[in-house]
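Protein chains in written order, with the UniProt record's numbering: chain D, 1 to 94; chain H, 1 to 504; chain S, 1 to 97.
Calculated from the structure, these hints are not laboratory results.
Partner residues aside, some chain H positions facing chain S, computed with beta carbon under 10 Å:
1) P206
2) S231
3) S239
4) I286
5) G303
These numbers were taken from a predicted model, which means no experiment stands behind them.
Idealized CB from N, CA, C, for every residue including glycine.
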Amino acid sequence: MPNYLKDSNHLLIWPVFKEVTENDLFICNIGVRARYDMTGEELLQACVDAWQLDKDKKYRLRLIRPDQQVDIPPDTVIKEIGIRNGDPLEIISC
Amino acid sequence: MAARMGLKQKYHAMTRDLMWDSQEFDMKRVYPLIEKEGIILKDPSRWEDPFRMAYNQYVKVQAEKDLLYHAVRNAFEANEGHAKVVDARWYEGVKAFAIAVQPAEYQAHRLMAYIGRNIPIEAIRFATINQCLDELRHAQIEIKHYAHMSKKIDGLHAYAQTNENLWFNTVTKSFFEDALSAGPFEALVAIAFSFEYVFTNILFLPFATSAAAVGDDNFVAVGKSVQSDESRHMALGMSALKMLLEEDDRNVPIIQRWLDKWYWRAYRIFSVVATLIDYYPRIRPISWKRAFKTYVEDQVFEGLFKDFRKYGIRLPLHAEDSIKEKEHYSHAVMRILNHAKHVNAFRGFRLHPDDYEWLSSEYPDTFERYYAPFFRRMDDHVLAVATPGIPAICTVCQIPLEFPDPDNPTRFWTQYSEYNNKTYMTCSPGCKHIFEQEPHKYAQIWWPAEAYVSGEFGENLPDDLFKYFGFAPEEANEYYSSRDYERWLQYRKQLGLDQIFTGR
Amino acid sequence: METKAAYVGMDLDTSGGDVVEAIIEAVERDNEGVVVEDFTVYKKVKAPGKLLVRRETVEECLGREWEMDSLQLFMSSYFGFISDWDEDQLIIHWENV
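One chain only, chain D, in its complex shape (with noise of 0.2 Å):
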């Protein structure tokens, strides 16, 4: 069975517009294919793609866990960021 977690330098992340948590529509994380060769700033971009959000607005991302709240740099590689499989994210509008 194909699945793309067989490559090592595949993750599963799940982003979440934080808008829509806050009005009625409340809809949830999706899954969205990275690698953890990705830049934070491309990591970005495959979220606002995935959540077909208006390009010319700016965003940033923050990194959900339990004990804390991450925002990712852009710059950065994600793996060294820490981002593991299965992390749960935030789109937030700048």
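We have chain D; now place chains H and S onto it with these hints.
The following block gives chains H and S in isolation, referenced to the frame of chain D:
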């Protein structure tokens, strides 16, 4: 002539005297699970099943029930019953029932066999073997019901495949797999008590009342036939629980832990039932909120749990959360179903003015304020509320993570846990607690959302999933814009049921 | 402080027709504070703390012979502990009253 035996003696003669202890083998090897859960038994033979059902009587009673059900079903099918319901969106709810409940009945029969095999107490054995047969009977009469429905209605024609593969159904499957992979006493508390005693009443009694109100006599008969066995199942759950509590004080904390877990587990699996009561029927005799108050708060919390105080048993840990959630439950779950209705075997639907009116009057504090704006978004475009991708689900109950915090209904209730260098999400404090008691168990779940996004069933999502689910995209989505609704209107027209006669 | 005893009771399938009507009438005769709620396809009959069903009373209300164990054909649900169920009677009760 010998004196005729009374009910009690007859039952004893036909159950108690049939067991024997193995001469050749160590009893611990014959019953390898009996001591594994820490439950201590001193003299369980004094335990009695109040129903005292012997096999000959069981067969006689059950045969009568089946004959009665099939007579109603035949009449309903022959008399075009499907055309006569007040609004056929009801059948979308019956489909949810078909996909969630029938496999649960089947799994419950396996579970009862497992319990009976592993607990060598005669009365429990006899009650579980009866219930095992009951559950198979329920599974079969329900399948018969859906076989006819599938002639008229989309979404059920590859029934076994859809049951096996549809994302929605992993909710039910994970519940029963959780119980089947627990020890036999925990499984007994899970099913006989939490599932049967606390919640099945809400499933079959108010839902059957709704069926009668909308004119689905066939479903009324299914519901009544199934429910007629439930008193016996409830008796097993209650008596078994009482026995375990009375056998030894050391059992009490173990039982409390299981009640904490399985109350919430069973409560979550019944979430879709809240929509079957509040949303799918166009005429509603009762609301989820009132049904929950009657069957859970009054009968279980105020009644049974007060009796259990003397053993040191308190209410399940998250009982209060479920009481608070009753104002939100059906609306939040209907919202989830509408997010994903384009990939589900039972459809969501636009609400009518009378729906808004009923929901507002029944839920004056929550519906208009927090939920009506969501449903109104669908007035212009039925997919205006669709999720843009494959939603994340709760690691425990497997429902998408879209439950609002009842204390703060515009905020998600989603919880996060760290285990083995991974973040796990759960839908609520109740599910988080269950996860954190046994993270090694829940970390092993097969996560459908992850498998879909990983491309196990094709690269083109969600379109490629339909082949795997066993139905076509046009069998999903919104009811009043569907081909099923058109067909139902045509069907009524052919029978002259579209005419309205009023006045003298 | 006086606390009200929690109800015990049964949900009876109205398909039982005159038998179910007779059971309800018998329960009303033999118990104090009985409440009957009508949910069309079933009726809930309840009493505070304890509920007794006697075969003789049911037979009087029904006008013919009736067997106690046939109650289970129509008893869709119940709440309380069943402490006694034999040829002559059924008792459902909570122990804390």
